[in-house]
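Okay, here's what each chain looks like letter by letter:
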Amino acid sequence: MTILDPRLAAQDLTAGVSANGPLEQAIAKFAAAVVCAKTLDPLVTELVRLRCAQIHDCRLCGSLRNQEALEHGFDESMQRKIAGYENSDFAAEIIAALRLCDAMILSPSFADAALKEELERYYTAAQIAEICLDVTKWSQQKALVALRLEAPPWETTNVLTFDAQGAPGFGGPAYN
Amino acid sequence: MTRLEDLQPDIAAQLHNITSLAPASTDAGLLALCSSYIDAALRLQNWTPPERGLTDKEQAFIAFTEQFVSSVGTMTDEQVACLRQFASADEVYNFVNAIYVTDMSRRLELVAGSVLL
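The listed protein sequences derive, respectively, from chains H and G. Every letter in the first sequence is one number past the one before it in this note's numbering, and letter 151, counting from 1, is 151. Every letter in the second sequence is one number past the one before it in this note's numbering, and letter 10, counting from 1, is 10.
Hints are not guaranteed to be accurate.
[Said to hold, decoys possible] In silico negatives: residues of chain G with every beta carbon more than 12 Å from chain H:
{"hint": "1", "residue": "G29"}
{"hint": "2", "residue": "A32"}
{"hint": "3", "residue": "L33"}
{"hint": "4", "residue": "Y37"}
{"hint": "5", "residue": "W47"}
{"hint": "6", "residue": "P49"}
{"hint": "7", "residue": "P50"}
{"hint": "8", "residue": "R52"}
{"hint": "9", "residue": "G53"}
{"hint": "10", "residue": "L54"}
{"hint": "11", "residue": "T55"}
{"hint": "12", "residue": "K57"}
{"hint": "13", "residue": "E58"}
{"hint": "14", "residue": "Q59"}
{"hint": "15", "residue": "F86"}
[Claimed, not checked] Here are the computed lysine to aspartate or glutamate pairs in the EDC-like style, where the Cα-Cα straight-line distance is at most 16 Å:
{"hint": "16", "chain 1": "H", "residue 1": "K116", "chain 2": "H", "residue 2": "E93"}
{"hint": "17", "chain 1": "H", "residue 1": "K29", "chain 2": "G", "residue 2": "D10"}
{"hint": "18", "chain 1": "H", "residue 1": "K116", "chain 2": "G", "residue 2": "E109"}
[Unchecked claim] Some chain H residues well away from chain G (every beta-carbon gap over 10 Å; in silico):
{"hint": "19", "residue": "Q67"}
{"hint": "20", "residue": "M78"}
{"hint": "21", "residue": "G84"}
{"hint": "22", "residue": "T161"}
If you're looking for bench data, these hints aren't it; they were derived computationally from the structure. Every residue, glycine too, gets a C-beta built ideally from N, C-alpha and C.
The shape of chain G in the complex, shown without the other chains (with noise of 0.2 Å):
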């Protein structure tokens, strides 16, 4: 990310600082699991998940980041009610705002690496 706080120094201090925020504003092992599934995703990697399996809470969220990552149009009404099987209405909301910022600082991250070496 140098390379852009080089040319957009002011920006780059707020994506710091959201992309800082996002793990403390949600379930930040829930949010690391996830993130991990996206940097696969981005990368076009197949994602293993851990060992030790993955919980019935933690399989909803990897479906709906899997589906927030691929295509966000077309998420379900259901994928979004399985949610709400485990977290409160605040907590998905703070957990879909933090996934926001982790896809789409990752994607720069990845991007502005090639195109602005």
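In isolation and in its complexed conformation, chain H is listed as follows (with noise of 0.2 Å):
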């Protein structure tokens, strides 16, 4: 993993103003109505989560997997495959919720009429908005990458679970 220095010295934050402050918690009960939307099938959330997090190169994010995708047969050969999805045996949905991905956090350009076509393919407009919403979600890392904040405090990966109301949780290493 890549040493990189926080950007911000912790004890500069003041608690309540900048760090846990009111738009800090808004974004968070943001984060956590996002992630109590359940119209996909978990794979598919993770492995966007996973591709926002190579982009974004957002340390946290990959050092963690979810519970629920690791229950629905998530392993680290798919996670190998996300940077040449296009080239991938990634079935079609998968590549299709990776290209929204891609038009949302590379280029909105990417968004166009061919997109729309190939989504309706295997998506409901609830499951697109949701997966539009993730991203926007997943992509809240981008502030704490931009500050280098987001050293995970583990060297191995680990698993990640949201409770009722999508607080996250951290449930110790992913792999035996």
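Reassemble the complex: the two chains are provided individually, in unrelated frames, and hints are given to aid placement.
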């Protein structure tokens, strides 16, 4: 893992003003609402989350694996295919979801009529909306990456969980 | 954003809340300037600075915004240190969160506007 020092010192941040301030609390509520939406296959959600982690270079996100996705068959061979997903053997619906993810995080100009048609082949409007909102939520880490405040406190890959209210939790090593 | 509001009303309400809060959490004028840069960049248009030119502070925050929008993972220590010449750590932290909200909500608006017509 790359060693990058935080660009703002924790002692210089005032709790309740910046860290855990009104905007950050509101962002956390938005994030919780997004993860409580459950119209998508957890595998699709996880692959989109890891694509965001890869493009944004988020070390924390990249070190986590969603519990639900693990229960639905996620494995590390899938993670390794994300970077080259266009030439992978992922199912067509997963490639479509990752293309939508790229349109959100790389260039909205990728969101054209062809992508719309492709998405509608595999997803309902509510599911397409959920992917868009997931990418918005998983890109929350852009702020922490910019300030390099996203170093995970562990060396190994850990389990990511969410409670019924959408609050995140960390469940120990993902693999033995 | 209407279609998104129809499809995911609870989340859309939370999103509306953060986009409303963002300008109040930072220097609203500076955020508006940087938002105009984001709007142009996401539409692949050239951004034109105000005719009066940019102050040193505005130049630093625009440079940060440009990097944030194009490739946040390759942001440098110097780009953030440059902001600290003009703003406290709390101000930088809140600005960065406000830029995240602006950047991603604009992206969402553009993409959802295309694929959820």
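Next on the checklist: Could you work out which of the previously given hints the structure breaks and list their numbers from low to high?
Outcome noted: Of the numbered hints, all hold.
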